[in-house]
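Below, each chain spelled out in residue letters.
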Amino acid sequence: MEQITKPLNRVDGPDKVSGKITYANDVAIDKLAFGYLVSATIAKGRVTSIRTDKARSQKGVLQVFTHENMPKLYSPPTYISPFDPSGDSGQQKHVPMQDDKIVYDLQYVALVVAESFEVAQEAGHLIEVSYEEEKGTYEEHPNPKDAEELEFLFGIMEGDYHRGKPEAAFEASEVKLEQTYTTQTMHHQPMERHGTTAVWNAGRLTVYEPTAWIFGHRKGVAEMLGMPVEDVTVISPYVGGAFGGKGLVAPHTGIIAAAAKEVNRPLRVELTRKQLFGCVGLRSATHSEVKIGAEKDGTINSIIIHTTGETPEFQKTAFESSVIAPRMMYSNPNMRAKMEVAPVPMSGPVPMRSPGEASGLFLLESALDELSYKLGMDPIALRKKNHADINLETNLPWTSKHLNECYDVGAKKFGWDKRNPKIGSMRKDGMLVGYGMASGSYPTLFHPASAKAKFLADGTVELIVGTQEIGTGTNTIIRQIAADYLGVAIEKIKVVMGNTRYPKTPPTVAAFTAASVGTTVAKVCEQLKTNLIRRATTNEASPLFGLKAETLNISNGTITNGTKEESLQTTLKRAGRPYVETQLQTQYSPEMFKKSSSSFGANFVEVEVDPITGWASLKRIVGVYDCGKIINPKTAHSQLIGGCVFAIGMAMQEAAERDLSNFRYLNSDLGGYHMPVQADIPDLDLSFLDHTDKEANILEVKSVGELGGVGLQAAIMNAIYHATGIRIRSLPYKPEKLLEIAE
Amino acid sequence: MKEEDKPIKTGFSRRNFLQVSGTGVAGLAVAPLLGAQAAEQKNLERPFEVPNAVDIQLNINNETIKLKIDPRASLLDTLRYKLNMTGTKKGCDAGHCGACTIHINGERKLSCLTLAMRHQNDKITTIEGLAENGVLHPVQQAFVDNDAFQCGYCTSGQVMSAVACIKEGHTKSTEEIKEYMSGNICRCGAYPNIIKAVQAASK
Amino acid sequence: MNFFQYTEAKTARDAIKAKQEKEASYFIAGGSNLVDMMKEGIQHPQQLVDINTISGLRDIKNTGDTVYLGTLASNTAAAESEKIINFAPLVSQSLVKGATQQIRNMATIGGNLMQESRCPFFYDVSAACGRRTAGDVCPTVTAKDGIRTNALFGLNESCNTPHPSDMAVGMLALRSKVVLQSKKDTRKLALDKFYHIPVKENTKITHLQDDEMIVGVEIPLEHGFNHSAYLKVRDRKSYAFALISGAAALNIQTGTILNAGLASGWVGTIPWRFEEAENFLQGKAATESNFRQAAKIAISDAQPKKNNAFKVKLLEKILVRTLLMAKETPYGTNN
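Residue numbers (our numbering), protein chains in the order written: chain A, 52 to 794; chain B, 233 to 435; chain C, 6 to 340.
Quick caveat, the hints were computed from the structure, so don't treat them as lab data. It cannot be assumed that every hint is accurate.
[As the list claims (entries may be wrong)] No farther apart than 25 Å at their CA atoms in a straight line, the calculated lysine to any residue pairs in the SDA-like style are these:
| # | chain 1 | residue 1 | chain 2 | residue 2 |
| --- | --- | --- | --- | --- |
| 1 | C | LYS311 | A | LYS645 |
| 2 | C | LYS311 | A | GLU791 |
| 3 | A | LYS144 | A | GLU119 |
| 4 | C | LYS332 | B | LYS399 |
| 5 | B | LYS435 | A | GLU119 |
| 6 | C | LYS301 | A | GLU191 |
| 7 | A | LYS479 | C | ARG297 |
| 8 | B | LYS404 | A | LYS105 |
| 9 | C | LYS311 | A | LYS144 |
| 10 | A | LYS110 | C | ASN7 |
| 11 | B | LYS399 | C | GLU85 |
| 12 | B | LYS399 | C | ILE65 |
| 13 | C | LYS149 | A | LEU717 |
| 14 | C | LYS318 | A | LYS645 |
| 15 | A | LYS82 | B | LYS404 |
| 16 | C | LYS149 | A | ASN718 |
| 17 | C | LYS311 | A | THR445 |
| 18 | B | LYS355 | C | GLU13 |
| 19 | A | LYS110 | B | LYS300 |
| 20 | C | LYS318 | A | LYS144 |
| 21 | C | LYS149 | A | LEU711 |
| 22 | C | LYS66 | B | LYS298 |
| 23 | A | LYS785 | B | GLU407 |
| 24 | C | LYS318 | A | PRO662 |
| 25 | A | LYS645 | A | THR445 |
| 26 | A | LYS105 | C | LYS318 |
| 27 | C | LYS88 | B | LYS355 |
[Said to hold, decoys possible] Short derived list, chain C residues pointing at chain A, Cβ under 7 Å:
| # | residue |
| --- | --- |
| 28 | LYS22 |
| 29 | GLN25 |
| 30 | MET42 |
| 31 | GLY46 |
| 32 | ILE47 |
| 33 | LYS88 |
| 34 | VAL238 |
| 35 | LEU248 |
| 36 | LYS318 |
For every residue, glycine included, the Cβ atom is placed at its ideal position computed from N, Cα and C.
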């Protein structure tokens with residue numbers, strides 16, 4: 052293996068730094084019309100009148116759609132299961148502009164189609180909508196009193212899990228902890244806004260859309276329009292950020308495609324930044340009641356978690372499944388983890404980076420930290436004491452687990468031994484200093500994928516996969532895998548992606564692309580290799596004629612056994628073919644269900660708090676991760692820092708703010724929704740352990756993309772507690788939450 | 233070539249058009265466009281003009297371009313929709329993210345927050361104008377070497393900001409670079425690598 | 006955005022004349038606030054009078070008695086001007102905490118002073134707002150428990166959102182004056198007299214007359230300030246409006262405060278100066294204890310509601326910290 056494990060520069064790097072990448076909404080199309088969606092200004096109620104005459108009078112307006120004249124669209128199915136990603140793909144059942152009802156803030160009420168963006172935007176402003184608002188009383192966090200049963204939880208119908216006798220074990224414990232933790236609504240806000248470019252030709256539809264799941268989008272759009280899937284093509288080679296979003300098809304795609312058909316023009320509509328708050332999915336707010344029962348020596352007997360997540364009134368789904376990750380983290384024999392949902396006027400939530408782990412490990416790792424202080428025990432020692440040697444949720448052994456080593460290596464790098472456990476005892480330059488740590492984990496999933504490998508007469512190889520590049524470096528690692536598994540120089544390998552005409556793959560979510568698409572690429576390359584070698588050994592004119600295939604290998608584009616050799620180009624020429632291609636689809640196998648595969652990590656944080664103002668700053672973060680073999684350390688490291696930045700946002704500064712008198716957004720723009728900027732990010736020392744995982748898959752990799760930052764939110768709040776004695780159980784941090792700081 | 237002899241462009245870049253018609257970039261083949269006649273045409277026609285369209289002239293990347301625009305058009309939208317120079321990105325259209333950062337007379341500014349027609353006497357530089365003769369600008373190369381991007385969408389703005397940040401002299405410390413690059417949001421979180429790239433390129 | 010007429014002015018007189026000749030005429034300089042509002046449908050100018058083309062309004066001068074900033078000087082030019090850094094550093098200290106370098110390159114001094122509200126109700130054309138339509142009221146006035154970001158001072162029946170400028174707060178602490186030119190005269194107004202608390206009768210918050218234009222800001226040097234600092238506490242570390250900011254300028258001679266300037270951002274419906282606290286500090290030793298007393302005086306007439314009550318204590322603490330920072334930051338040191 053030459054290329055795998057090399058920290059290669061991204062193959063799309065030079066184009067990305069030159070502005071040469073064509074994203075979906077950059078594609079130049081002849082006679083393109085531009086659209087502008089108008090959003091409701093109430094969260095619940097109905098449209099009583101909508102006047103479009105001023106809008107229509109603007110020169111250049113082609114059509115104005117409202118619920119009064121919008122073509123019919125069907126609800127896309129929304130039963131989303133990570134175990135069947137070729138299935139349903141709809142973000143929500145509700146399709147706007149089909150009736151006069153408003154069921155969430157910013158819901159679309161009109162679409163202007165015009166010759167230019169400026170005309171469409173101004174016409175949109177001129178549409179006059181009257182509403183009958185339905186008032187309600189709302190709260191800042193989901194209230195367990197309003198909780199209802201979930202429809203399903205990630206396709207696992209177990210919103211209510213238990214093992215052992217959790218209540219009895221809690222009651223019998225020597226040390227008890229009971230706390231409530233909350234997280235607030237968050238938004239993906241990728242730099243590239245969602246939007247659709249819809250082009251019809253003879254009843255067939257091509258959609259250019261930034262999506263993390265071209266096949267899901269194709270199915271969902273086809274279902275919304277009521278047309279055959281085969282007549283829809285989705286193209287999305289490059290996506291400007293997804294983070295778990297852009298994966299489930301949102302209603303705007305169907306609306307825009309239907310409008311394009313009506314006006315008989317190719318149509319591009321980019322959602323406004325504001326609409327990315329209301330309409331394309333979000334991370335549900337959560338409210339969790341946690342009980343931990345332990346012995347004085349730190350053995351945890353029982354963990355009980357009851358989470359209430361916010362959910363739309365029209366469908367009881369939530370992807371922020373706080374109750375899943377805690378089930379496998381530690382060795383407590385007794386556990387209950389129940390999730391319910393509280394309906395509010397919101398649109399369909401979708402997964403958002405580390406969905407469930409983000410809130411689930413925040414609550415768990417905060418609670419464990421509180422327990423450690425109650426016990427007078429070092430936080431790391433407490434975790435080690437309760438190390439889960441097998442996955443107690445599935446009762447399966449791990450494919451590999453080096454979490455203890457993550458703690459040890461991380462503690463050393465961080466200087467954890469300098470920690471004085473006494474609250475507020477550490478100072479630097481007049482500032483309070485706090486140290487905090489937390490565990491992290493993320494599953495390594497696999498889903499069937501297919502890929503095509505094609506060797507061409509000019510000696511190049513095309514690796515054709517219907518996956519999409521959202522910034523993780525997929526196209527780069529595919530090249531590395533192909534180069535090594537095929538034996539061809541990496542410069543000769545071209546990766547072709549992002550079109551539903553290519554072999555089907557699962558979405559780019561849940562950090563399983565390397566394990567799924569990556570292993571599929573490895574296997575299809577082996578298959579191509581076998582194919583090419585056979586062509587040589589069965590051809591009388593070849594010097595390799597009659598040799599056993601097992602004795603031959605391909606190296607640098609040449610089939611060889613060390614003494615005899617033939618270049619692949621010659622083999623191909625001799626075979627009289629312009630190219631040789633082969634396709635392969637991977638499947639689940641029973642082997643995969645015999646062990647549990649997860650990545651693990653340990654997070655360490657140093658914070659400084661001004662003892663006068665209570666303003667907290669992150670000073671440095673150390674993370675050590677157990678992710679198996681790392682195909683490309685450069686891009687993998689970037690995934691880690693990306694995850695940490697995301698977690699910093701969740702912990703320190705990001706939250707939707709709503710007017711609780713009507714549940715409308717107060718901060719639906721990037722000026723008010725505070726994603727991290729450069730100045731928010733401290734020194735990040737993030738590294739991988741050097742262990743491969745031969746049991747996980749043929750590539751020996753575990754998941755990387757979503758592990759970075761998991762648990763970090765708790766580590767930060769744990770550090771703030773250590774510095775100040777104030778425990779923040781409700782994310783995000785705000786300066787006023789430390790106002791009671793003792794001076 | 234003398235300044236006056238340089239051809240004055242009258243509209244649309246062929247760059248994106250080529251990408252649509254099927255020639256690949258960076259090893260990526262783009263599928264042929266279904267349904268549009270683009271492949272047969274040399275220019276992208278936009279025959280519609282607003283009633284109050286104005287004739288203006290812009291100097292972009294050392295080329296003078298004459299065009300007729302909607303007077304309400306921002307410089308960003310003029311670059312992207314009128315001239316097909318899609319290297320500059322629209323992140324928020326409200327001055328909150330920095331993705332649309334370009335240089336006007338060498339100073340970094342947000343192209344979404346200014347009207348195109350007010351810049352007829354200015355020298356505008358976009359991301360497309362940084363590389364010379366196909367060789368990446370040192371800042372661009374530093375970004376590639378340090379993996380200072382992931383999805384790439386904020387990257388044009390980051391690079392334009394970084395070039396200016398170095399020229400401004402705001403690279404005296406890591407903290408200073410962080411502060412002066414805080415006007416460019418990166419949701420992928422490539423921040424530490426962006427700092428490394430700026431440090432490398434400012435040496 | 007609606008269609009508009011556009012004209013370039015050559016002199017201040019021309020600009021004022023052009024503005025008066027057509028209804029709903031707006032000056033445009035940097036445009037970073039106005040263009041945004043036009044795109045959002047908040048402002049509907051029928052005419053833009055471009056004042057960027059007027060010469061002589063960009064100068065930054067040290068006259069001996071004052072430092073003078075021409076109204077068209079960019080925020081960056083002002084923040085990085087040697088004259089400002091050496092003689093009125095609080096202007097620079099407050100400027101660089103606002104926005105980003107890109108926006109500071111575009112924005113002008115006059116534009117910064119005149120910037121409009123950043124309140125979500127102002128930006129929501131479907132909501133009633135007393136700053137868009139005279140006489141309207143919004144939850145900043147009506148919400149029984151108030152709103153987290155609401156002002157603590159200068160409350161009124163029209164609008165209680167805090168003024169967003171950082172620079173104005175720094176200038177206010179330095180006792181700056183705005184220079185206004187009409188067709189006939191020039192006049193100067195102290196900054197705390199230039200702004201006025203929002204009123205029901207109209208949407209303005211300044212005493213800028215219809216026939217006037219800001220031409221510059223004068224920062225007096227007579228008070229002998231030789232220490233200053235600006236602290237901006239906010240929900241992230243950069244590129245965000247303040248939760249609360251503090252601006253302090255001190256004239257300290259051998260440990261005694263001869264003169265103090267103390268102001269705060271995002272606590273008043275207009276930039277807010279704490280004159281009583283300043284008077285208290287005059288003649289006192291520059292100690293933490295006196296800073297704490299001054300802060301207590303500063304917050305004494307705050308008018309909090311339930312949802313922004315925390316701001317009172319936070320303001321007090323921020324003022325203490327700002328004064329301590331100022332004490333450690335004499336003119337001429339890097340801040």
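Verification of the hints:
| no. | hint | result |
| --- | --- | --- |
| 1 | LYS311/C with LYS645/A | violated (57 Å) |
| 2 | LYS311/C with GLU791/A | holds (17 Å) |
| 3 | LYS144/A with GLU119/A | holds (20 Å) |
| 4 | LYS332/C with LYS399/B | violated (33 Å) |
| 5 | LYS435/B with GLU119/A | violated (62 Å) |
| 6 | LYS301/C with GLU191/A | violated (32 Å) |
| 7 | LYS479/A with ARG297/C | holds (23 Å) |
| 8 | LYS404/B with LYS105/A | violated (55 Å) |
| 9 | LYS311/C with LYS144/A | violated (39 Å) |
| 10 | LYS110/A with ASN7/C | holds (12 Å) |
| 11 | LYS399/B with GLU85/C | holds (14 Å) |
| 12 | LYS399/B with ILE65/C | holds (22 Å) |
| 13 | LYS149/C with LEU717/A | holds (17 Å) |
| 14 | LYS318/C with LYS645/A | violated (58 Å) |
| 15 | LYS82/A with LYS404/B | violated (50 Å) |
| 16 | LYS149/C with ASN718/A | holds (20 Å) |
| 17 | LYS311/C with THR445/A | violated (49 Å) |
| 18 | LYS355/B with GLU13/C | holds (19 Å) |
| 19 | LYS110/A with LYS300/B | holds (16 Å) |
| 20 | LYS318/C with LYS144/A | violated (47 Å) |
| 21 | LYS149/C with LEU711/A | holds (12 Å) |
| 22 | LYS66/C with LYS298/B | violated (39 Å) |
| 23 | LYS785/A with GLU407/B | holds (22 Å) |
| 24 | LYS318/C with PRO662/A | holds (14 Å) |
| 25 | LYS645/A with THR445/A | holds (10 Å) |
| 26 | LYS105/A with LYS318/C | violated (50 Å) |
| 27 | LYS88/C with LYS355/B | violated (28 Å) |
| 28 | LYS22 | violated (29 Å) |
| 29 | GLN25 | violated (27 Å) |
| 30 | MET42 | violated (12 Å) |
| 31 | GLY46 | holds (4 Å) |
| 32 | ILE47 | violated (10 Å) |
| 33 | LYS88 | violated (27 Å) |
| 34 | VAL238 | holds (5 Å) |
| 35 | LEU248 | holds (6 Å) |
| 36 | LYS318 | holds (6 Å) |
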